[in-house]
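Q: Residue strings, one per chain:
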Amino acid sequence: MIEINGLTKIYKLSAKKKKELKTNKDVKTAVNDLSLTAKPGEITGLLGPNGAGKTTTMRCVATLLSPTKGDIKVCGYDTVKDAQKVRDSICFLTNEIKLDEHFTVDYLFTFFGRLKNLDEKTIEARKKELFDTFNMNDFKNKKIEELSTGMKQKASIVVNLVNDPEVVIFDEPTSGLDIVTARVVLDYLKKLRAEGKTVIVSTHIMPEAEKLCDKVAMIIGGRKVIEGTIPEVLEKTQTADLEDAFFKLFMENKESEKEEE
Amino acid sequence: MNKISLIIKKELFRVFSDRKLIFSLYILPVLIMFAIYGIMGKMIGSMEKDITEHTAIVTVVDATEELKSAIDFSGFSGNANINYIDSAAYETDKDTIVDNIKHGKADLCVIVPKNFDEQVEDYVNGGSTLPNLEVSFNDSENYSSQAYSMFTNSVLGTYKNQLLGKRYGDVRMLEAMSVTTVILTKDEQSNSQFMKMLLPYMVVLMLFAGVMSVGVDAIAGEKERGTLSSMLISPVKRSEIAIGKIVSMAILSSISAAVTTVSMLGAFVLMGSSGGFAAMSGGVSFSPLQIIELLLIMLSLVILYVGIIALIAVYSPNTKAASSIISPLYPLIIIMGMLTMFRTGKETPTIHYAVPVYGNALAISDICSNELSLLHFFISFACTLIIGIVITVLVTKAFNDEKLMFNA
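Keeping their order, the protein sequence lines are chains X and E.
Under this note's numbering, the first residue of the first sequence is numbered 1, with each subsequent residue one higher.
Under this note's numbering, the first residue of the second sequence is numbered 1, with each subsequent residue one higher.
To spell it out: a stretch of chain E is covered by chain X in this simulated footprint if at least three of its residues, at any positions, have a beta carbon under 8 Å from a beta carbon of chain X; those stretches are: (1) 220–226; (2) 229–236.
So, partial list: chain E residues that the calculated Cβ filter (under 10 Å) puts toward chain X: (3) L6; (4) K9; (5) F13; (6) R14; (7) D18; (8) K403.
In case anyone wonders, no lab produced these hints; they're calculated from the structure.
Every residue gets a Cβ at the ideal spot worked out from N, C-alpha and C, and that includes glycine.
Let the sequences and hints guide you as you build the complete structure.
A: Listed below in structure tokens is the structure:
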């Protein structure tokens, strides 16, 4: 279970950042008063354009960033006060976090298994299960640097799932993957849902979200603009599909953002 | 502790399973040391041999019979091609002779005054003019300098003794006294001066180079590649990750420094055996207590260096930024190490031993001459260790900073 209550994340902007963002403001509000609940046995999707605040929200859930305001609870533990316990029960997958290219998949799987307090027997059992599921057996003794982009992504997923976490946080799950690997990953996420895990994914690919997610929350400009099951979202927005719903909300909020400025 | 050792093992495996890294960290420095100093030793040796074996080309103008016999008697003629000419011939060929010496085609020209024997006779009988020989050579040419040195020391020494012997019967009559020189060195000071000068410099520099080569990549490199984050989202305390990184950096850099220092000493021995540098490497011995002191000082230095490099690496967004901050430290360390080379006999103030790096270099220098007091050892060791630990604590705290870790 993930409970996000009034999450606000404000970054102080350095002179260099101000120049990059072409702004005179000293701070940037990446996420603004966002509340959301992701339940076990459900796949929750965070939808929004690039820079909307999806990744920042996920980083906060994964304990990598501390909220400026609000709090987040994962499996009942606060992400700031009980960060260690939160990390024990989550798996955070993102393109920004990479595996050391020098090691083999097998070595890293064992290393992270040990780091996550697993005994050798459990590590071996998880290794067999995950390597079989993701067809990694032929590549397990290859160094990460020798793998293709898709294989690297799969290796990263496999290694991060070593501890069979209760909560899976996945930033852009199919980004950079070929169609076959993307299918394997999406099927595995569905399997995790069936096992009663809490899964939260971020994506800007609306058809993917439609197929995968039980519930979605759309974030635009750091704010949550809608939340609900897909039929609920379509009904509220009076649209035929998620993509139309997103564009409708995007245009509305773009106007209101301009008015605020 | 278990997780720290896991991280240490991973970091060590990372290096020791990478042939390229092993080669660049541990094998290449040894090869470079042996190549540089081995070649230098060989070249110096062969240069010295070549100079000694060279047949000097010498012109002697109006040589007296006694000078000729001194040249033969001293053995100088055995390795010289001597052209005896008279002053008339010299006047004709003067320009050529001088020019040949200037251009390295000839080595020496000795001009004896025509009436040299009469001048000697006159001086004995109260004459005021001291007989004078003119010796010309080219001090920018090794062969010419060697010929001059051999001629003045052996030939003229022999010739002078011959003339004085004739004059006074026994040359020893001219000596007012004889001097016996006894070199008194404390047994415990027997470590060579060379070691005292070079070891502190080598240790402070090599340790820094070792830490620098592994430290920047271990933190800034991993941050840049995004591989550090995979550990930061694991259920491990950030302080455990930092300590694991720091300890492995210390182990790797200590091995690197030890390999480099030992190979440098080995190269010196090699250089000594092939050239005139045997004295440099000789006479080195340390007691068990001195070895312990040396190792403890090196340990405190490693902790300090690792702390500094790790702190810079953790505050830098990438390896390029970290390297550009660390580079100016390199000459500073060199200067600290070199300062101990030029110490006089004056006692060094105790407070100097408290200065990190410089104080350690002083202590190592004193170990080499067996003059390190327990107080100075303790001050040097403790001050560096405390500063190193404080910096290490700052590094572990920085691992908790989201701005530094994720450029947030």
